[in-house]
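Undergrad: So you can see what is in the structure, the chains are spelled out below.
2 protein chains.
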Amino acid sequence: MEIDYALIAERLKLREEDIRRGFKRGIIIREEYKGVPMIAFRKKIKHIERGTALFLNENLDYIMGYPKIRRALVLNPTIKNYFIDKVVVEEKLDGYNVRIAKINNNIVAITRGGHVCPFTTKKAIQILNTKFFDNNPNLMLCGEMIGLNNPYVPHYYEEVDRGWENLGFYIFDIRDRETNEPLSIKEKIEICKKYNLPYVEPIGEFDKEDAHEYIKEIIDRLNAENREGVVLKDPDMAINPIKYTTHKTQCGDLKAAFTFFYDLGVDFMFSRVVREGYQAFEFNENDDALKKRALDIGESILYPMVDTIKKVHSGERVTEDFEIVVDSEEDLKEFLEYLKRLHMQFIIKNMEKIKADDEYKIKVKIGKIYSATNDKVLSHLNGGLW
Amino acid sequence: MEIDYALIAERLKLREEDIRRGFKRGIIIREEYKGVPMIAFRKKIKHIERGTALFLNENLDYIMGYPKIRRALVLNPTIKNYFIDKVVVEEKLDGYNVRIAKINNNIVAITRGGHVCPFTTKKAIQILNTKFFDNNPNLMLCGEMIGLNNPYVPHYYEEVDRGWENLGFYIFDIRDRETNEPLSIKEKIEICKKYNLPYVEPIGEFDKEDAHEYIKEIIDRLNAENREGVVLKDPDMAINPIKYTTHKTQCGDLKAAFTFFYDLGVDFMFSRVVREGYQAFEFNENDDALKKRALDIGESILYPMVDTIKKVHSGERVTEDFEIVVDSEEDLKEFLEYLKRLHMQFIIKNMEKIKADDEYKIKVKIGKIYSATNDKVLSHLNGGLW
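Order-wise, the sequence lines are chains A and B.
For the first sequence, position 318 matches number 1811 in the numbering used here, and the numbering has no gaps at all.
For the second sequence, position 68 matches number 1561 in the numbering used here, and the numbering has no gaps at all.
These are computed hints drawn from the structure, not numbers from a lab.
This structure is a prediction, so every number in the text was calculated from the model and none was measured.
Check each hint, because a few of them may be wrong.
Pairs count within a copy or across copies, as identical chains cannot be separated in the list.
For lysine-lysine, the following DSSO-like pairs were computed, each having C-alpha atoms within a straight-line distance of at most 30 Å [stated by the list, open to error]:
#1 K1803 <-> K1748
#2 K1701 <-> K1869
#3 K1803 <-> K1709
#4 K1803 <-> K1784
#5 K1803 <-> K1701
#6 K1848 <-> K1527
#7 K1803 <-> K1842
#8 K1573 <-> K1803
#9 K1748 <-> K1785
#10 K1736 <-> K1803
#11 K1561 <-> K1869
#12 K1579 <-> K1803
#13 K1736 <-> K1804
#14 K1869 <-> K1709
#15 K1804 <-> K1785
#16 K1536 <-> K1595
#17 K1869 <-> K1804
#18 K1869 <-> K1748
#19 K1561 <-> K1536
#20 K1579 <-> K1736
#21 K1741 <-> K1784
#22 K1741 <-> K1803
#23 K1869 <-> K1539
Full structure from sequences and hints, please.
TA: Put into structure tokens, the structure is as follows:
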């Protein structure tokens, strides 16, 4: 099918030239979902956010990408300077960002990159009361899919455990799916309550002048519980939220990155240790606490790297494994085809039928292959020079 | 002066087009030294090494750049695979690489980047018996300028201390200055002895089959003495040398980089920790040793960063300071003008007349300014978002 650049441009209030060049430079790509052709924005182009997905149906329906949430490196004076008067603290969950909307009479779950993920879509339909969309066709539910049994960010959460699967979804924003205009926090909570939708409960609301003191305590508690951090919001969502994360999160990111260090190390490393630098400064640590932080950082970098080198040395091929539960072989096939379209290399490590409440489902273990790490470690162990 | 691309191309056995494009892309730049125009290669172009310096005199005399020395990540099996039969171990000194040659009847000291450094040139003439060049006009002395009182890599070495100055030069290769063809290690030592030139004494010569065992012990000793590492060479220099460095060096590099983390952190970080990963693996450390290494890495990253943030917070501007000794204000002026030509930002922090043996010299403390680190830390401390 020919793509009508002019029509898309008009719909998104871009110039035709922006669309043409976006395709040429690989920033806009063609996709399809259940036979409907669509396009995805891999980077921000003017006001169109990265991750925007536009369906090539009659209306050219689209879902705007989720806006980038910027980060405070120090709580004080950042909060004081940034917010208007009050600041609402919500927990930042460690999963993956999903936007859910109804398009072409279908519920779709869109990942950060602008892809309709078949796994996430299926789960969203099972988890959510989709009646919400009948009454609010222009709104999208923005939330975090969390838990051990997801393909992107497997991290165990006790509160979403049901024995055969650890997976859940928590809404953090409700926004207009075209303009990204958010509801206020109060409106969001009212709607979630009305439709019995799961949402991220605010931890508290503070005056911006002394919020940093309370938030420091919250961060200490979340860190002790191995949780990710906080998102700080204006009650009316009049300005963009900002985020701040725990020491454990920084270390966890480093561990994950250094397990596959030639693939992920460079990109992850610097930002994570810089966050630690500012946190150590602001949390005004004594010598022992600072030393403990340094040890955590060093171990998070060194240990996974040495483990990977040892594994490759012993002939193993290192993979990043995740386990998901699907309803049928057909669903699995659809998901694997999706991964292939995204050029992800993987192997199926295990597959078993499991009893899920009163029906049977399939639990499948998939190993994501990081080629650079496997190949380069092997080469260096065999005497390859750097 | 017009540059004759065709003539340069012919002299270097490149195509005229290579020279033309090199200039256009900023890979070849124009310089001058004592009124003689010259060009420097900032990157390798075909067989012409990075750091090659060509003088636009009648002969178009040039000094080939010092070849890149590649690195072993593991000693075993790299040494076994790489060398022919024997391997000579020389200590790798932690200073800066200099090539010294005689051009236009002048001795010049060229840095890795292909610049004639006036400071280094003056010192080289004072340190070396330059009669060598009268008898060997086509050879260059390749060596390491080391010691606390140098502008590039200030690192204290006991063996080059003479009270008022810590500076010395050790030759590691003698090469044809156009072809880079090296003398054998034996020939090099004979010539150095003949002209009483300082050279890096070999630590030992080993069979390649079990060299890694001896070298591991050498590395342990050098590490305990806070020294940089080793360069491994074929006795005849029939193949390129390779290098391997100590844990202390990796940590020292990290410390230096993270003091100015927004300027140097990204580039330095990954390679240094990866070297640690392989060394920890190969040195087969027990849990305690591995934990100690992790702590060292973490401290080398975190502590300088926190120090810098604290300093900037207290209103200080962080600089990388070095102290050098020059003969006269004129020499100082020439050197500072050289730094300006290289677009280095600096401030003079102190200047004093000192007694140097039986004459007076000037000791000057120069602070190199890293703008990105100063500016960004200040911005983030004031609430700037990332």
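Undergrad: Against this structure, judge whether each hint is valid.
TA: Do the hints match the structure? See the list:
no., hint, verdict
1, K1803 <-> K1748, "both (16 Å within a copy, 27 Å between copies)"
2, K1701 <-> K1869, "between (49 Å within a copy, 24 Å between copies)"
3, K1803 <-> K1709, "between (39 Å within a copy, 19 Å between copies)"
4, K1803 <-> K1784, "both (27 Å within a copy, 17 Å between copies)"
5, K1803 <-> K1701, "between (49 Å within a copy, 24 Å between copies)"
6, K1848 <-> K1527, "within (29 Å within a copy, 84 Å between copies)"
7, K1803 <-> K1842, "within (21 Å within a copy, 49 Å between copies)"
8, K1573 <-> K1803, "between (48 Å within a copy, 20 Å between copies)"
9, K1748 <-> K1785, "both (16 Å within a copy, 18 Å between copies)"
10, K1736 <-> K1803, "between (37 Å within a copy, 23 Å between copies)"
11, K1561 <-> K1869, "between (33 Å within a copy, 20 Å between copies)"
12, K1579 <-> K1803, "between (51 Å within a copy, 29 Å between copies)"
13, K1736 <-> K1804, "between (36 Å within a copy, 26 Å between copies)"
14, K1869 <-> K1709, "between (41 Å within a copy, 23 Å between copies)"
15, K1804 <-> K1785, "both (28 Å within a copy, 22 Å between copies)"
16, K1536 <-> K1595, "within (23 Å within a copy, 54 Å between copies)"
17, K1869 <-> K1804, "within (13 Å within a copy, 40 Å between copies)"
18, K1869 <-> K1748, "both (19 Å within a copy, 27 Å between copies)"
19, K1561 <-> K1536, "within (11 Å within a copy, 37 Å between copies)"
20, K1579 <-> K1736, "within (15 Å within a copy, 58 Å between copies)"
21, K1741 <-> K1784, "both (15 Å within a copy, 18 Å between copies)"
22, K1741 <-> K1803, "both (25 Å within a copy, 23 Å between copies)"
23, K1869 <-> K1539, "between (38 Å within a copy, 26 Å between copies)"
The structure agrees with every numbered hint stated previously.
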